[in-house]
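**Q** For reference, the chains in residue letters:
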Amino acid sequence: MAKRWAQKHIYLFFLLPGLLIYVLFMVYPLTSAIGYSLYSWDGMVKGVFQGLENFKVVLTQNPYNIRFWSAFRHNWIFFGITFLLQSTLGLFFATLFTREKKGYNLLQAAYFAPYTLSMVVVGFLWLLLLNPTWGPFNKGLRLIGLGHHAKSWLGQTGTALYSIVFVNAWRWLGFPILVFKAGLQGISDEYYEAAKVDGANAWQAFIRVTLPLVLPNIGMVTILTFIWIFNTFDLVFIMQGSSGNPYYSTDLLGTFFYRTAFGDSTTGGEPGQTGIASAIAVLMFLIISFVSYFGIRSLRKSEVEY
Amino acid sequence: MHSRGYLWQRRIRETLTYFLLIFFALIFVYPIFLMIVSAFKSTREIFADPFGLPAVWRIENFVAVWSRARFNIYFVNSIVVTLVSTISVLLLSSLAAFALSRYKFRLNNFLYIFFLAGIMIPIRLGILPLFVLMRKLNLLNTHWSLILTYVASGMPMSVFLLTGFFKTIPKDLEYSARIDGCSDLRIFYQIMLPLVRPGLATVAMVNSIPWWNDFFFPLLYIQVDRLKTIPLGMTLFFGQYMTDWSLLFAGMVISSIPLLIMYLAMSKQFISGLTAGALKG
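Read top to bottom, the protein sequences are chains A and B.
For the first sequence, my numbering begins at 1 and goes up steadily by one.
For the second sequence, my numbering begins at 1001 and goes up steadily by one.
Hints listed in this document are in silico derivations from the structure and should not be mistaken for laboratory results.
Take every hint as true, because none was put in to throw you off.
For lysine to aspartate or glutamate, the following EDC-like pairs were computed, each having C-alpha atoms within a straight-line distance of at most 20 Å:
no. : chain 1 : residue 1 : chain 2 : residue 2
1   : A       : K8        : B       : E1174
2   : A       : K139      : B       : D1244
3   : A       : K8        : B       : D1180
4   : B       : K1136     : A       : D42
5   : B       : K1268     : A       : E100
6   : B       : K1167     : B       : D1184
7   : A       : K139      : B       : D1049
8   : A       : K3        : B       : D1184
9   : A       : K8        : B       : D1184
10  : A       : K101      : B       : E1014
In silico contact screen, one side only, chain B against chain A (beta carbon under 8 Å); selected entries:
no. : residue
11  : A1025
12  : L1095
13  : F1115
14  : I1123
15  : P1129
16  : L1130
17  : L1133
18  : S1153
Just so we're clear, the structure is a prediction, and the values are computed from it rather than from any experiment.
Here a beta-carbon is modelled for each residue, glycine too, at the ideal position from N, C-alpha and C.
Using the sequences and the hints given, assemble the complete structure.
**A** This is the structure in structure tokens:
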């Protein structure tokens, strides 16, 4: 009897080990983060239920609200510039690379190479390259006569965030190029021939034929970029420390969350605020789900059929 | 129509395109080149002549980093964690995907969606409960904390990719094996698994590269020096040798070399593996 049951439900034995680990170490932590955010905490000891108090603190109480909104704004700047770069430069290079001329494969491999480096290496590498006195970047500027532009890129509030954004783009850009290229290669030549017959020039063909057909790829990469940037942490932590130096000018939601959750080692070890940090995590979760849900939905709608 | 002028125009445009592409290729590759070359110089030489080739190629930088900065230990730790996590996720996700794609049962579709739901959600957002859980299980400061976290977070994408692969295998193959008296388990590993080998390769690549490079979870889970992985060990090492740039560059090269070599040797598989996840999602 038992043996027959087992025989009939054998799929359970295949399914359960993976399901168990997934539930225990991913689903359970993610869902209980919501529960965490509704309690008061003393370090990592749970206190009493207090409703949305932690959210109120994050969104309205100084200094949390100031830090939250500034990190939120930095995340959007980070995302906005990355999005612009990848959808213009990225798409442009992808278009060129689809022509598959001699040497293009090698060139394309070069564009993707930084993506194989870890965030830690990328962060440290650029920390050295951008070093104000000894870094090759400023030395290079002096060498080509642009010495007056040499500055402490990571040390000034006006340039630090943009420097981080560009370092991230340097590592990342090869990836959208590949995804766009794959999308472009999927477009049948017939469409272009039809456009030609209709008298369209290259630019018109690009706007009317290419763009609508690679839009799903652009959309997908945009959503991935958004999720990635709204929980990014490593690059700023490595290059600017956990409080996003200088003066919180490179602080992101990821570093703000880390600081609040595990204490700030850079300013002498404030203890972690589990409840408030959980509220930040839930807010990040809401932002990410909201944007990716509507992003994916509008993506489905925009898919064209010719 | 195709006059001389037209051909000329085309050739000029093509050359300009090459120049543009090469210019940007240098932006992407030159910093990496600089990192590798600087790793062979003395610190004094890096400061005095950052762009030239080393006067003497100093291998001793690497030797110093390898033993003095304990990179030998970090390296082994990284390999152990990445390897065990990858093998586990391959095993668990292929079993689950096999069940979801080849058996009919009531909760099938629900469970599939349940796995898929995890693709878009960064597991980092659950770090506080995860940290408390690991502490309760006495797994902090062990490699198991990393492995379990990685495997759990790797399941959604892996199940998704492999279910797709399993679904392409014709049912007849399974039926005939069943008639021959094959058990379910044997059908799985003798018939099905070899057929989804490309899928397994993709899953291995999509997962193992971010795990090899991961910094966030080791930072939180591992305090004991002899258990640290390369990215975490690097931060320690950077604090210690902040002024000794030749060692810093050598450390960066050592930690990047495995993936860079893999990339140079099989860039096609590498690229298609990494984009597979994004494209199918």
